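Visitor: Here is what each chain is made of, one letter per residue.
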Amino acid sequence: MTTLPVLSVLIVLPLLGAICLIPLKDREKLAKWVALGWTIIELLIACWTWSVSGASPPSGAPPGFFLFEDFAWIDSLGIRFTLGMDGISLLMVLMTVLLTLVCILVSWRTIHERTTLHFIMLLLLESTILGVFLSLDLFLFYLFWEMMLIPMFFLIGIWGHGRNIYSAIKFFVFTLSGSLLMLLAIIGIYLIHGSQSGIYTFNLTALIDTRLDPTVGIWLYAAFLLSFAIKFPLVPFHTWLPDAHTDAPTSGSIDLAGLLLKTGAYGLIRFGYPLFPEAARTLTPLLVTMAVAGILYASWIAFAQKDMKRLVAYSSVGHMGFVALGIAAWTPLALSGSIVLMVAHGITTSALFALVGMLASRAKTMEISAYGGLWCKVPVLSCFFMLFAMASAGLPGLNNFVGEFLILTGAYKVQQTATLVAFLGLILALVYTVRLVQELLFQEERQPLPMGDATSQEVVILTILALGVIIIGLHPGPLLDMLALPVHILTGGAP
Amino acid sequence: MTLADISIALPLLILASGALLTLLGGALTHNGAVGTLIAVTTAIAAGLWSLQTQAVLIAPTLGLSAGGLTRLFTAFFAFMSAAVLVLSSRYNAYRDIRGEEYPATILFTTFGMVALAAATNLMIIFLGLEVMTFGFYILVAMDREQGVSSEAGLKYLLLGAVSAAFLAFGIALLYCVAGTLAISAVMQQTLAFGPPNPVAVAGWACVLVGIAFKLSLVPAHLWTPDVYDAAPAPVVAFLSGASKGAAVLLLLLLLPQAGDLAILRVPLFALALLSMLLGNLAALRQSRVRRMLAYSSIAQMGYVALALLSHRGDGFQAAAFYAIAYGIMSLAAFGAIGVLEGNGCGPNLDDYRGRGYSHPLAAGVLAVALFALAGIPPTIGFTGKFLIFAAALRAGEITLAIIGILTAAVSVYYYLRVVTALYLQRSENAERERISVFEIAVLGHSIALILLLGLFPSQLLGFLRMQLP
Amino acid sequence: MKKALELIVLLPFLGAIVNILLGRILPRRAVAITACSVIWGSFFAALFAASTYSGPAVVEIGTWLSTFDLRAPITFYLDPLSLSLCLMITFVCGLIHLYSIGYMGDDPGHVRYFALLNLFVGAMLLLVLAENLPLLYLGWEGVGFCSYALIGFWYKEAKNATAGRKAFIVTRIGDIGLGIAIVWMFKVFDTLSITEANQMGHLVSMEVITALGLLLLLGAMGKSAQAPLMVWLPDAMAGPTPVSAQIHAATMVTAGVYLLMRMFPLIGVSTVVVAAIAVTGAFTAFYGATCALAERDLKRILAFSTISQIGFMMLAVGCGAITAATFHLIVHAFFKALLFLGAGCIITAMQHEQDIFRMGGLRRTLPGVFWPFLAGALCLAGVPPTGGFFSKDSILTMVWVKGGMFYGALYGVAMITVFLTAIYTFRMMFLVFGDRLTVTPPTHGPHTPVKRLPRIMEIILIPLALLGLVGGIFNLPAYLGSGLLQSFLAPLNVDGGHLSQATELALQGAASVVALSGIGVAWLCFGRQGREVRITRAEQPASGVTAFLQAGWYVDTLYQFLFIRLYKWLSAILWERMDEGVIDDSLDRMAVGLGRTGQLLGRWGGGRISAYMLSLAGGATLTIVWFAWVVL
Amino acid sequence: MIVPLAHLLIFASILFVLGLICVLIWRSNVIMMLVGIEIMLNAAMLVFVAGANHWGMADGQVFALMIMAMTSAEVSLALAMVVYLHRGKKTVNVDAFRELRDQ
Amino acid sequence: MEQTLFYTMATVTVIGTIFAISEKHPVHAIVYLVTSFFALAVVFYLLAAPLIAMFEVIIYAGAVMVLFMFVIMMLDQGRPEDARRPPLVHCLPALVLAGVILVSLVLLISSRTTAIPIVAVAPHIVGVREFAITLFSKYGVAIEIISMQLLFAVVGVLYLGRRRKQ
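As given, the protein sequences belong to chains A, B, C, D and E, one line each in that order. Using my numbering, read the first sequence as starting at 1 and increasing by one per residue. Using my numbering, read the second sequence as starting at 496 and increasing by one per residue. Using my numbering, read the third sequence as starting at 965 and increasing by one per residue. Using my numbering, read the fourth sequence as starting at 1597 and increasing by one per residue. Using my numbering, read the fifth sequence as starting at 1700 and increasing by one per residue.
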């Protein structure tokens, strides 16, 4: 079993799935089932990797990685096809396959034209995002990092609404501008490492040993940081996100909020800090400022939103600010908190987007002011909405709280002032959440909207997510155990 | 004339005789298809021959070389011309370009490029370049149904002639300094270490002007959009792909032989900088797709200039790689545009709306080509850009690398505009896509190359590394 | 023991889960029975725990948050304080659940109601029993959420929903204080366990402890509606009355007091903190009482009185009198629940009329409500020998014992408050029950209290009334025997010094005199003759002091202007001007600018060959000149 | 060598620049532009011949011959194009041909 | 003697060219140019390139210039009343640019550091024989190329000159 390159299979499989779907252009029903089957297989494989997470690491793997694959690729440039999975990647992978499944289900009835193409894009996106989460070679990482923009671009652009073209292009150009500078930095560290050791390689483990001149280090790190900050997104690089979210279809929003944003944080954890520990330390105040600014500013702005999706989008910015704060603190606690919050936010926000999408598909509007009094009309949906809204507001016992609490606890030790300010963000988060809940669920109905309660399919989707919310909230133990070793190693502990 | 001579000169001979045969065949049968058939066969034969021939460096008596670079580019030019010929057949019928002159001229142009590739002295280089350009003068103006195409021809011709004069004058000055036309000797003596020779420097200034025109670098770029706009689409593919490749090849034949290239740094720097900036900016708001791609081509050549500038960091390899990459990308892009135009698509961006669904094959190829041009992985465009920027950083050209990468980020916008029009916008036209098997084959091959060479560039890179140490 | 503890907490949660999942398919009665039975089950489990109680115990039930050096398992800490609160909570809540069966008779949302009510009890018990701070916080926020959802239970009226929202947000402000205190404690003590942290106070400087104490106080202010975060409680009365009784009188609002008592071993050593707690308590007590004086809404009067009474508890904590505070907390839970439930009966009977000036004569029409209500009023007013008297008096005594200028002043304030309390209590009594219904409200049309109350609602009042009246036996003063609670809670107490019996009696005498005189004043103003005058005068809009008090000292208005308006305004500004206007727009402008520049550059030459030539020649010139420059 | 090489080169440069001037100023007449190009190429030939003379090798002369052949080909094509264009617009002013440009 | 002739001829060439480019009448300009080319042919001859001098006279001054003349006549550009000089605005930038180029070139060429080696051997006259050997052996491919080009010049011109189909 160990001889099978599972990680490569994980990445390649959705790609094959996408190719399989191409001939099914006009048989949309079949295409849906094929896509679903494919994602389920993917989910099973991911679960299998989970089951071996305790196994002893294969030879050659960096510490902490229990699955490791390394193939020759472009040898002349020192590029190898290196994949590895540790607890952090495992978590991200699980989230990716799960959310892709959710996306497929969400799109099942809501995408009416070019359905097959839609599923192809979802599968492509899954493949590339998995690639980002599994790569241990900087070149490979970058490859996936940029590739994932393409399916996302089409998802927003083709199936979006409103100013979807503007948003799609904005999304693409924004994120690409950042990552191109990162490409330069990647090449930079590759060259520096090569000139020092004589071995030109993009291997992460090797590059970590590079000795960097402080100034050079800071510039290289700044390029990485910029790229990640745009993906994150951190204030003031966030303006693409509300637009992209607002105009994306539901599945696009879910993928965007649940997965794409996480790649930024993941990149910072996996590459940014380990590669440039000193520069990262020097620039910590910057990151902290952006994080805290994001928390306050975005949460504040979220309050003023008139469009449900935009509100949730701004809330994403706020939550990701917490993630950034945890990373900036770089203590074991805060870091695990950040990772947990990434997962938690992925689930919660996806659920909120799914819900918003469900509401909008019924009422054909995203305006908050059109709704009201949903609780009596669609009690099941409302109940779920309340649950996810509260999770998003950081109610203890639900998943976001675990992450936020760990972040705040861990960060307070090293970033006292920032953490204090971040606490204010909790209030602001509650303020916009209860506003949303009140205007949607409570009060009198403001416009007569045609509404039916959740279909069984929607209930399935929401239940999957709700279980995630509650289980992580009440029993985060397995998750935290999964993270303990990699986080320990990342923060400088002996393996 | 030994056997080795013939073996080396065979591609040239094949192409020349093929061109004549094409003319002859066309004249005898009055059927354009015969000409095309002969021409394609010839081109493929030349390409295949050059691929399999032995690596003999210099032909004993003819003064031609058959080094690795020569053979690679010969094959590249030959296959490119075959592809262009295939793409032309339907397009020309649509545009009503008849006659055997067209395929013959394509072969003639290829003949010039191949001669250039095999050159060991400046005279052959100059003549090869001029023959190639001369062929393009004719090709650009071929589309007589469109009045503007002869206007484009005139513009290209006048500027081309002036730049040829500069080139000739420059080579003459170099000759005065070196006393010979052999490349290595000229390069060694005119760009020697130590204080530069003023006359040689004057010569290089003139040569640079000439080459800047061929590469359409700013400020000698202004013909590019006009020619791209008016010429038949396959010709643009050829012009953009192969002729730029030939110009890059020229520099690759010359520059690595030089002693000290320091003196050329600043002019190249300026050319690269201006081209990257102007090309990418001017393309942003273009409403005509071909002009947009013309400006894009200006910018892309800016990147090549950056690569050449970074010769100390394996820039020559990067430049060679990118020249080939760009050739394939433009073949795909303009090939697809040609097919679309053959299906009745107008020149404006708005005419491309919704073509992604009504013409999935051509539009798909165009989209992939555009993503490749934008440098998005996993395409050859990305790998090429990666190599260029790696070379630039290695050579210490950090400022230019940063500017380059920023302009590349800007450039994404206009490439996306086309993709947007293709897939994101709707239109009512519901006509069926008309595309021949041959076109599919050519476009399919180019796409396969874009992806495969993007993902697995090892072999090509290794080869280039051997040729351009 | 472990089983019992597990049951105490899990049963209510179980009930909630069953009702959430199955409520829609279960018959109405089954929902109610489930809800009530789990609470009573929980009560009996608590009783069992009490009967086997032998000393403080830490029981680990399961894991929760645990990674690296952070340990926050699900661990319960059973000590006299938590045990007595558990008993009180389960008992009172059990009664209120029963009452709710009648109250919610035919409301369509009963499933949601009972589920939330159960959830609340579970969270509250979790809060009380939690051994570590995150767990406590879990309960803390849990009750906050339930309170939010229940206040806005009748969500269709915007006012109710808004009130819920307000409660949630204002308490969240306090929660931040608690949150910061938690992470700070973790920073300095490296533990989140309450018991451990309580013993580590000597490890850190006094400043830190003071800061921690003040933060905790902030948390308590939010939850317990203490000044300046008290504004939410009166509005919270928008919820169903049993909810007000359970959450906003008996249990949740005392969580703040409980928190301070819990952490007292740690923060009690800081004089600043203690003084701050005492001042907060005294001031809030006074504030609540004054507002209650002028309030017209029956439930809001009770709400203000709750604020005021919790102020007393805080004052007790501020004097280190944990026993007194607990004592008052428990007794207050009884009589305040009683009062609220009684008010619920009245309001139901009056068909949702809440203005006391529009009531009257209920003594005869609702005797089953009147007598228990009277008992509650006596307790609230502190008339001896009710439980309320003893508990309040023990607080006053402890304040006196502290002595000194500062506490002397606080004692004075407290005495005034006692006086005011008696007045407003009996103002309410006289207006509601006295005489007969005189005023026919013009808007509502003639209405007579004809609505029959479900029997269960009246029955529930009786045990509560009894407990309120005789609640004193839990902790009789020394001269009447031993204080049960006193000895039970001994390990928690900070000894405040002793007092001779004579002094104690004198103090009690003084207090009762004050209380009785308050009743007298109320009689003068709102008794037989005064009543008519007052009612007539109440028809006019209030002015002067009355208006000031009725508006709750205009604190709400102030906050409205100071925070809410500003917040909303800035939010819009930030979004439209800053985010869209500056950040996004500048990028858009840059993009447009680049495009325009490009267009200009592209038009360079304008298609003229001559221009192309010039450009080429210009380039050539520059190149040659540059070379000449370099070489020569 | 009858005169110093430098004199020859300067002579050629003058010719070259004169040709360039001719190209640049005669935008109103495309035929004159072509004349200018001829002058520039003649200058190049002159340099080649001078170089050949200087080094005593025939290469330069051969190159000059090639240039001559090449120019005649180019001129013929260019003139054909001029004739062709003149048919449409009835002008030899190059700036009249500006249908192709950025809008 | 030879020097004098050279400088004279050089002057004639330059002056002829200047007249040619500044002449408003195209026909006159061509005539001036022919003069200038004749002088240039003499210079070639003086530079020991008699063959090139011959070709200059035959091809340039002969064929090419006649071709120009022919086209001028054909396009009816030969009328003196139509002829006018380009306005000064057109000339000024050209003159400035060209002037700068000239100055730079002259400075570069006449720079003292110019290190074109002086050939030690005695002035070597390149004879026709040597020329022919070089041309046909060393640069045989060039002949091929140039012949192809001439052929395709014919092809191109024929294509362009073909009447448009109706």
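For the record, the hints were derived by calculation from the structure and aren't laboratory data. Do not rely on the hints blindly, as some may be mistaken.
Claimed, not checked - Pair by pair, the computed Cβ-Cβ distance ranges are: (1) ARG929(B) - LEU1766(E): 41 to 51 angstroms; (2) SER76(A) - GLY939(B): 23 to 33 angstroms; (3) THR417(A) - SER1169(C): 43 to 53 angstroms; (4) LEU1430(C) - THR455(A): 15 to 25 angstroms; (5) SER922(B) - THR1561(C): 23 to 33 angstroms; (6) GLU1024(C) - ILE41(A): 37 to 47 angstroms.
All values derive from a computational prediction rather than experimental measurement. In this text, a Cβ means the ideal position worked out from N, Cα and C, and glycines have one as well.
Visitor: Is it true that LEU1430(C) and THR455(A) lie within 15 to 25 angstroms of each other by Cβ?
Guide: 54 angstroms, violated
Visitor: Using the C-beta atoms of ARG929(B) and LEU1766(E), is the stated range 41 to 51 angstroms upheld?
Guide: 45 angstroms, holds
Visitor: When you take the CB atoms of SER76(A) and GLY939(B), is the distance between them in 23 to 33 angstroms?
Guide: 28 angstroms, holds
Visitor: For GLU1024(C) and ILE41(A), compare the CB-CB distance with the range 37 to 47 angstroms and indicate the outcome.
Guide: At roughly 41 angstroms between Cβ atoms, ILE41(A) and GLU1024(C) fall inside 37 to 47 angstroms, so the hint holds.
Visitor: Within 43 to 53 angstroms or not, the Cβ separation of THR417(A) and SER1169(C)?
Guide: 19 angstroms, violated
Visitor: Mind checking the hinted window 23 to 33 angstroms against the Cβ distance between SER922(B) and THR1561(C)?
Guide: Since the Cβ atoms of SER922(B) and THR1561(C) sit about 31 angstroms apart, the hinted range of 23 to 33 angstroms holds.
Of the numbered hints stated above, those contradicted by the structure are hints 3, 4, listed in ascending order.
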